[in-house]
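**Student:** Go by the hints and put chain B onto chain A.
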Amino acid sequence: KQEVTQIPAALSVPEGENLVLNCSFTDSAIYNLQWFRQDPGKGLTSLLLIQSSQREQTSGRLNASLDKSSGRSTLYIAASQPGDSATYLCAVRATGAGSYQLTFGKGTKLSVIP
Amino acid sequence: SQTIHQWPATLVQPVGSPLSLECTVEGTSNPNLYWYRQAAGRGLQLLFYSVGIGQISSEVPQNLSASRPQDRQFILSSKKLLLSDSGFYLCAWSMTADTQYFGPGTRLTVL
Chain A
2 KQEVTQIPAA
12 LSVPEGENLV
22 LNCSFTDSAI
32 YNLQWFRQDP
42 GKGLTSLLLI
52 QSSQREQTSG
62 RLNASLDKSS
72 GRSTLYIAAS
82 QPGDSATYLC
92 AVRATGAGSY
102 QLTFGKGTKL
112 SVIP
Chain B
4 SQTIHQWPAT
14 LVQPVGSPLS
24 LECTVEGTSN
34 PNLYWYRQAA
44 GRGLQLLFYS
54 VGIGQISSEV
64 PQNLSASRPQ
74 DRQFILSSKK
84 LLLSDSGFYL
94 CAWSMTADTQ
104 YFGPGTRLTV
114 L
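Protein sequence lines correspond, in order, to chains A and B.
Under the working numbering, the first residue of the first sequence carries the number 2, and numbering increases by one thereafter.
Under the working numbering, the first residue of the second sequence carries the number 4, and numbering increases by one thereafter.
There's no promise every hint is true.
Mimicking SDA-like on lysine to any residue, the simulated pairs with C-alpha atoms at most 25 Å apart in a straight line are [said to hold, decoys possible]:
1. Lys43/A / Leu50/B
2. Lys110/A / Ile8/A
3. Lys43/A / Val15/B
4. Lys43/A / Pro17/B
5. Lys110/A / Thr112/B
6. Lys2/A / Ser60/B
Honestly, the hints are just simulated from the structure, not real lab data.
Everything numeric in this text was worked out from a predicted model, so none of it was measured.
In isolation and in its complexed conformation, chain A is listed as follows:
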């Protein structure tokens, strides 16, 4: 059974710092990995999706990497801003035909202090 772990559970940084969020998964047979952002009381917003054959994806100040063999992914946020404050969730999709389930981590709650 796939398990996804995110460390740390919470992180507080001053504005302007670069930071890294970590995600690990137990079964390396994944189809893709996705990073989401969730604001309090809101739905999820997709940030980056990395296919199993890819090593990284970039969008603006965000860079996500994937090391499938070691079961790890990182989300790098450059020059953090107060608007980046949210919970960041990592999710993996298993391989196999008809595999629709995403397995989520519990998230990292990020606070960026002005």
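**Tutor:** Using the frame of chain A, we list chain B on its own:
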């Protein structure tokens, strides 16, 4: 562009009462649809998914059921709510095995 709606946004129900949460998607046809629950201190858990009208797959045994009466409508129901049904319910859609797009969610409190 595609839009996903959920209602109600919040709901407070007594134990033993019925439940009906609705999700609709606009701007696409034949999407895959999903119901997730996010409980306090736990990650998102997939409850149901559907690849077409009348086709429902359940991921976990529970007190809930789902139906897809129309192509872009997904309904989550219960005949008798339990305290443990409290949580944040999220509907999502996708067209492929890639990105899932989430709705705004429904906060359900069972008292």
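**Student:** Against each hint, give a clear statement of whether it holds in the structure.
**Tutor:** Structure-based check of each hint:
Under the criterion of a C-alpha separation no larger than 25 Å, the hint pairing Lys43/A with Leu50/B is consistent with the structure, at around 19 Å. With a CA separation close to 10 Å, the supplied pair Lys110/A and Ile8/A stays within the 25 Å bound. A distance of roughly 18 Å separates the Cα atoms of Lys43/A and Val15/B; the hinted pair therefore holds under the 25 Å criterion. Pair hint Lys43/A plus Pro17/B holds up; C-alpha atoms about 24 Å apart against a cutoff of 25 Å.
This hinted pair checks out: Lys110/A and Thr112/B have alpha carbons roughly 23 Å apart, not beyond 25 Å. Proposed proximity of Lys2/A and Ser60/B is supported: the alpha carbons are some 18 Å apart, at most 25 Å.
The structure meets every hint from the earlier list without exception.
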